[in-house]
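Chains H and D supply the protein sequences, listed in that same order.
So in numbering that gives the first Met the number 0, spot 307 of the first sequence is number 306, and the numbers just go up one at a time.
So in numbering that gives the first Met the number 0, spot 213 of the second sequence is number 212, and the numbers just go up one at a time.
Just so you know, not all the hints are guaranteed correct.
[Said to hold, decoys possible] Listed below are the simulated DSSO-like cross-link pairs for lysine-lysine, each with C-alpha atoms no more than 27 Å apart in a straight line:
1) K218/H to K204/D
2) K110/H to K204/D
3) K178/D to K204/D
4) K162/H to K178/D
5) K218/H to K178/D
Keep in mind that the hints were calculated from the coordinates and are not lab data.
Predicted model, so just to flag it, every value in this text is computed and none were measured.
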Amino acid sequence: MAELSNAQPSEIVLRLAGVQKYFGSVAAVENVELAVQKNQLVTLLGPSGCGKTTTLRMIAGFEFPTAGQIVIDGKDVTYTPPNKREIGIVFQSYSLFPHLRVSDNVAYGLKRRGVPKEERVQRVREALQLVDLGQFGDRLPNELSGGQQQRVALARAIVIRPKILLLDEPLSALDAKLRQRMRLEIRHLQRQIGMTTVLVTHDQEEALSMSDHIVVMNKGNVEQEGTPSSIYRQPKTSFVASFIGETNLFKGEIVHAANVDGLLVFRADCGFEACIRKADNLEPGRQLLLSLRPETLTISPSQGEAEASPNALRGTVAGINYLGARTVFEIKTPTRDLMVSVQNDAGSEAPVAFVEGQTIRLSWTPDACQIVEIN
Amino acid sequence: MQNADRTIASPVAPITRASRPFLDSRHLLAVANILVCSFLLAPILIVIVTSFSADQFMQFPPSGWSLRWYVEFFNDRRLMDGLLLSLALASVTAVVAGVAGSLAAFAMTRMTSRFGGLIHSLHTAPLITPGVVTGLSMLIFFSAMGLRGSFTALLIGHVVLSIPFVVIIVVAGLQSFDKSIEEAAISLGASRPVAFLTVTIPAVKTSMMSAAVFAFLNSFDEVVVTLFLPGPRTKTLPVAMFEYIQHNLDPLPAAISTVLIAIAMLVVFVTARFGTIGRIMGQRL
Ligand SMILES: Nc1ncnc2c1ncn2[C@@H]1O[C@H](COP(=O)(O)OP(=O)(O)OP(=O)(O)O)[C@@H](O)[C@H]1O
Ligand SMILES: [Mg+2]
């Protein structure tokens, strides 16, 4: 399987072109374009009901699109039945065969393919070892923990060496701790064996941490796609900005250039003002959104000497949420409340250097300001 | 058992005992349970006791004990024919109703038609139709067909009466069966029929098995509709016994009843065992 990971990175394994799915008059998927490169892990991310599962089921062949085309490995498979598509799928509920032992669960796909017994046993053993369940072949599914069942489902899907691995919210039934570990394990495994993977999730953290490429979906359409960091740092729509991570979002417009440093002034409807970097498409008077991530804001004591910053204002601490690694402050300002996230210093005994009601100074750089189109 | 519990619990027992009223809800529940069980069991026990009577007439309690009514039963040609007929009929009914009802249940859980609810109601209708009405309608129908008094008529009648049980049990089993299990099999390369045979059927096998047992028992003690389909080949054991009671007052029917109870219990016991064995064998496939 190792030769797979040396393949050309630009080779496209899966392509969805203008795919649409109606259930009666309900549009589950309106228009999805997607290109998945070989050995990449692509995530479909979006809120409940946005059509992620429907898209995945069309890729698997359990639903046929109302319109559009699905191409796998250069072959049009839009209407190919699911058992002819060479696809591995892991469902949210694992869907192990309850009456079969773990090894027979994993062997199922190989049996259907007529793989001879000896090779079958060998491949099942390898697959179970890969997911760290070498000793569990004789167990029944209901004798395993949730995380173990999850891994059996994974082994069962990859043992057939599918062209594409589909994962539909594979971690949502696990507890927080296990979910974190399985994220790493799945990602590690996916890299190790080189497996083109489409993951569906509504958990933005899962998407950010596991994906090579994220496709954000909303109401049956692709809202934005890109690498995790580009999705997070340059959201193109207000939906993406607020769905991925936390943010302070302002509606307002550009007013005329305020100074010579190549900065513009954005004025929100609430009166809040910020200096932002000049860009070509930012002509004054246009209605836009400004997104300020909580971690890009800096809090400092109001009486301390202030370093020169074009963006600064006074506020009072209205709330403190200590979250271990970081602390989230709610800051009351004359215009509106802002969320500020501060990384906690590991050595410091008192990570929270501010108290509720304290007056503080809030500052941020022009680069922290992300302009988002209204749509 | 109780003693052991008490010993283990002894360190805290005084506190618990002091705070518990003499007759709390748990006692009331126990009393109510014992009463209900008694009411359910008493008639059966009385019949069983009476069946070992040495008396000439049915009376309780018997004045002496013997096995003579069993001997009488096993030597009675007509009653033995009835027993064999009942066993044969119940077995065939279990198979036919089990298969037909299960297929219907599969169809009902998969169809998307808006008539689904109506079709389900139709399949369970015999459950609420009064027995005499079903009996009369079958009498009219089978007379018109020229099947009156035949085994076929009886079989069709019993299958119709048993299908509601099968449908209800198998539909319940299928509803708890996650459809994505079948889809997983299909994605692994199985065609729909193969996935159905290798994954779905084994997963709901136990429900189908208990459904067939219900069909068997339902047919085995059916009287009302069977009475409406009289003929030389339709005298099942319950019907024969019913006719016997109209002319005789001896304890023979009690012996028959005890045999009926024994057979029913045997069927349940054996299939319960077979069910688990089947499951274990399924695992080792
Ligand atoms: N078989 C169906 N019949 C009718 N409507 C459907 C069907 N399947 C999905 N839908 C509808 O299509 C829309 C998208 O559903 P889908 O299951 O793809 O959402 P999702 O993004 O996976 O959501 P979730 O995160 O809750 O799983 C929903 O509004 C849903 O009600
Ligand atoms: Mg879904």
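For this session: Hint by hint, work out which the structure violates, then give me just those numbers in ascending order.
Result: 1
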